[in-house]
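2 protein chains.
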Amino acid sequence: MAFSPALARLIDAFRVLPGVGAKSAQRMAFHLLQGERAGGAKLATALAEAVEHIQHCQRCRMFTESDYCEICRNERRDATRVCVVESPADVMALEQNTDFRGHYFVLMGRLSPIDGIGPEELGLNILRARLADGPVEELILAVGATVEGEATAQYVAELAERYGASVTRIAQGVPVGGELEYVDAGTLSQAFSGRRPL
Amino acid sequence: MAFSPALARLIDAFRVLPGVGAKSAQRMAFHLLQGERAGGAKLATALAEAVEHIQHCQRCRMFTESDYCEICRNERRDATRVCVVESPADVMALEQNTDFRGHYFVLMGRLSPIDGIGPEELGLNILRARLADGPVEELILAVGATVEGEATAQYVAELAERYGASVTRIAQGVPVGGELEYVDAGTLSQAFSGRRPL
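Chains as they are written, first to last, in my numbering: chain A, 16 to 213; chain B, 16 to 213.
FYI, nobody ran anything at the bench for these hints, they're computed from the structure.
Please note that the accuracy of each hint is not assured.
[Said to hold, decoys possible] Restricting the straight-line Cα-Cα distance to at most 30 Å, the calculated cross-link-like pairs of lysine-lysine (DSSO-like) are:
id : chain 1 : residue 1 : chain 2 : residue 2
1  : B       : K38       : A       : K38
2  : B       : K38       : A       : K57
3  : B       : K57       : A       : K38
4  : B       : K57       : B       : K38
5  : B       : K57       : A       : K57
6  : A       : K38       : A       : K57
[What the hints assert, rightly or not] Just some of the chain B residues that point at chain A, by a computed CB distance under 7 Å:
id : residue
7  : V31
8  : A40
9  : M43
10 : G50
11 : R52
12 : G55
13 : A61
14 : F115
15 : G117
[As the list claims (entries may be wrong)] What follows is a set of in silico ranges between Cβ atoms, one per label pair, in the way DEER data are often shown:
id : chain 1 : residue 1 : chain 2 : residue 2 : range
16 : A       : R116      : B       : G36       : 23 to 33 Å
17 : A       : P33       : B       : E67       : 56 to 66 Å
18 : B       : G34       : A       : G201      : 32 to 42 Å
Note that this is a predicted model, so its numbers are computed, not measured.
Each residue gets a CB set at the ideal place from its N, CA and C atoms; glycine is no exception.
Here chain A stands alone, though its shape is the one from the complex (with noise of 0.2 Å):
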């Protein structure tokens, strides 16, 4: 089916992407070929460019090119308020729907021991050195409310509670513009038991 080794070569590279398969790489490839040549040489750029310089900050684990995130830079936002979760996907959703302008720490994944990922793997140390150095009152816990999730929340916590941090979890419940009847029963069940005077 090689055409053309490079066409080869590019479909073939094409299938790294999450949920691309030889169909869609196919027709990624074309379409770029066919009339987006200046985007994709754009893309080629910013693409070997990112995986060359960008790394995790030092305080936060959130993806930058320096040695510190534009976050912890940013000396108008308060550091002593540390939001924890799980994924730079989470940051940036954070960053978009919320006020919230203090710092983050981001875990880069969830204590799963039986794959192999414990404290270390989170940057743990990293956030308790942080924790030791720094006055944090308030730590946001943002993760996931799976079974993983509880388990590292559970751990942040006990973490946060001996420097003296007053640890806060983001609200479970129905979702805004969920019909009762529709919501799933552990869903249900945590948001009456979670209720709340008007």
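Given the coordinates of chain A, assemble chain B onto it according to the supplied hints.
Just chain B now, kept in the frame of chain A:
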């Protein structure tokens, strides 16, 4: 939202791909940075090389990094049979699913005067030169059964007949595995009037 200018550039660059919006672009960028840096670097290289070197075959207009594509250069293929298709993806599909071992001619589009796409834009002067040049015994039309595809087929057929090639067209009818009940009216009427003796 720029935590890292390099990351912002990468996410933006991914949006050139077909069907990739802001969310998918972000997912692709994080996926590569989190665990597929080698694959990302390979993609960057393949892409840079492809947009720089891949051109159209001078004989059939298929993508190739040489002057002539591998099919046109392959002397074991039958140059007296030329299959005319709309796009490089059609060549791939026919190669994968048929035993056709002749040559191709890729229009890279179809006649559409309203969009300024005439015979010149489809490289029909190249096809004409080829018909004049060597003996083409059978010209197979494998263009889509759309209005513009029909117009294109008509035009190419007349051109080929002028040079003495016999013209065939791939069959239209009920798809294999299709139930009559769910076949659209146009296809069913075509299939019925195009019935063949068993």
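Now the hints, each set against the structure:
For the given pair, K38/B sits about 21 Å from K38/A by alpha-carbon distance, which is consistent with the 30 Å threshold. Taken as a hint, the K38/B and K57/A pair is honoured in the structure, with Cα atoms around 19 Å apart against an allowance of 30 Å. Of the supplied pair hints, the one linking K57/B and K38/A holds, its CA atoms being roughly 19 Å apart against a limit of 30 Å. Restraint check: the Cα-Cα separation between K57/B and K38/B comes to about 23 Å, which is no more than 30 Å; the hinted pair holds.
Note on K57/B and K57/A: the hinted pairing holds, with a Cα-Cα distance of about 15 Å set against a maximum of 30 Å. Between K38/A and K57/A the CA atoms are separated by roughly 23 Å; this keeps the pair inside 30 Å, and the hint holds. Against a cut-off of 7 Å between C-beta atoms, the interface hint on V31/B holds, since the closest Cβ of chain A lies about 3 Å away. For A40/B, the interface hint is violated, since its Cβ never comes within 7 Å of a Cβ in chain A; the closest pair sits about 10 Å apart.
Annotation: interface hint on M43/B holds; nearest CB of chain A at approximately 5 Å, less than 7 Å. At a threshold of 7 Å, the smallest CB-CB gap from G50/B to chain A is about 10 Å, leaving the interface hint violated. The beta carbon of R52/B comes within 5 Å of a beta carbon in chain A, closer than 7 Å, and the hint placing it at the interface holds. Given hint, G55/B at the interface with chain A, holds; its Cβ is 4 Å from that chain's nearest Cβ, closer than 7 Å.
Of the supplied interface hints, the one on A61/B holds, with its beta-carbon coming within about 4 Å of a beta-carbon of chain A, less than 7 Å. Interface restraint check: F115/B against chain A, minimum CB-CB distance 14 Å, threshold 7 Å, status violated. Checking G117/B against chain A by beta carbon gives a least distance of about 14 Å; that is not within 7 Å, so the hint is violated. For the pair R116/A and G36/B, the supplied restraint of 23 to 33 Å holds, since their beta-carbon distance comes to about 27 Å.
Here the CB-CB span from P33/A to E67/B is close to 27 Å, at odds with the stated 56 to 66 Å. Range check, G34/B to G201/A: about 34 Å between beta-carbon atoms, so the 32 to 42 Å window is met.
Checked against the numbered hints above, the structure breaks hints 8, 10, 14, 15, 17 and satisfies the rest.
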